[in-house]
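Chemist: Reconstruct the complex from the two isolated chains, following the hints.
Chains A and B, in that order, give the protein sequences. Read in this note's numbering, the first sequence has 119 at position 83, and its numbers run on one by one without any break. Read in this note's numbering, the second sequence has 80 at position 67, and its numbers run on one by one without any break.
Quick list of simulated restraints, FRET-style, between CB atoms:
(1) B:Ser20 <-> A:Asp105: 41 to 47 Å
(2) A:Ser53 <-> B:Pro52: 23 to 29 Å
(3) B:Ala74 <-> A:Ser87: 25 to 31 Å
(4) A:Met91 <-> B:Ile64: 34 to 40 Å
(5) B:Asn66 <-> A:Lys92: 33 to 39 Å
No wet-lab data here; the hints were simulated from the structure. Note that CB positions come from ideal geometry on N, CA and C, so glycine has one too.
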Amino acid sequence: GEDVEQSLFLSVREGDSSVINCTYTDSSSTYLYWYKQEPGAGLQLLTYIFSNMDMKQDQRLTVLLNKKDKHLSLRIADTQTGDSAIYFCAVRTYKYIFGTGTRLKVLA
Amino acid sequence: DGGITQSPKYLFRKEGQNVTLSCEQNLNHDAMYWYRQDPGQGLRLIYYSQIVNDFQKGDIAEGYSVSREKKESFPLTVTSAQKNPTAFYLCASSSQAPVRGAGTDTQYFGPGTRLTVL
Chain A
37 GEDVEQSLFL SVREGDSSVI NCTYTDSSST YLYWYKQEPG AGLQLLTYIF SNMDMKQDQR
97 LTVLLNKKDK HLSLRIADTQ TGDSAIYFCA VRTYKYIFGT GTRLKVLA
Chain B
14 DGGITQSPKY LFRKEGQNVT LSCEQNLNHD AMYWYRQDPG QGLRLIYYSQ IVNDFQKGDI
74 AEGYSVSREK KESFPLTVTS AQKNPTAFYL CASSSQAPVR GAGTDTQYFG PGTRLTVL
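Bound conformation, chain B alone (with noise of 0.2 Å):
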């Protein structure tokens, strides 16, 4: 089956430790995007790739890192600079990034990870 996959789906991190949230995704995707999620607001876009070895910052990139060694493979760090990191987190993907894109270019979700700093 094609899709994206997360984990965990619960992680739980003491203050000042860094923790990193997995996602992969098997659809061939170059683009794929981290978004954060808080109770009555909307997605908020963290980091995104829009092809292997290459990430921009998005809306609120402080207090987080990511790579893209792997064109499956998006880890997102949360660092211990993030100074308000409970949320449940959100990975996507796309067959390519808005900017370049050709046809729908729909974006694909993850389960989500919920993140919870003790």
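Just chain A, with the same shape it has in the complex (with noise of 0.2 Å):
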């Protein structure tokens, strides 16, 4: 069936570069999203790559996604204590199908 994963947590410095990490199983995804998640709120779209790309660069954030490994990756660089929030990595095929979100947490 189709699924999406990602790791649960991760922890970096302010400053550093982070990167997470989501694998999926459906071949047929057309685009790939991250969405960032603060408490208590809703989902804000950070960004999206159409299947057919292999790197998108938006300012701080850069996404990488290799096909043949169905993985997608979004790296932000230097990275900031109001970047500490739940990242959702999303793909879609005939339907929307979200991962379990990574919580990022960035010390001061």
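Modeler: This is the structure in structure tokens:
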């Protein structure tokens, strides 16, 4: 069946880079998304990548897609305390499938 | 400002009561969705609607009901049949549902409603 997996926790020091990983099973995924959720709030779209792309960069965010391994990653450069949140990976096939979310904790 | 609003932000329900969560969007989107979020779990789809007067069950529809009488509104009723309703509920919309989708069809989310059963 369709599945999207993420590690549950990541801790980094302020100023370092964070890399959040995601693996998915459905090779027919067309668009892949990263969302950010702050405590008690909804999901905020950070970025997305089309399945025919390998990389997308948007300011401090870099998305890498390895279709062969069905692996998606989000790199946050110069991580700040305001980046502390839960990050969700999502893929779209004929429906949207979300991962369990990775809680990023940034240490000052 | 275009966006999705949900109300109320917090909702308390006694056991045996039905409650209705509101979701409104002014993005002119055809598709709307309801998700449930529990701690340590991803989002689980309750119901979705591709167009007015049409809706489909998601993965965990039991104990919930919806209506889609207007394009901008997609209320969710949590009935007394839902055995464990305490959760965070998220409403989302996209220009089209994935099955008909062209373009990114990105989902945009509301701020959520936290429902607690007393």
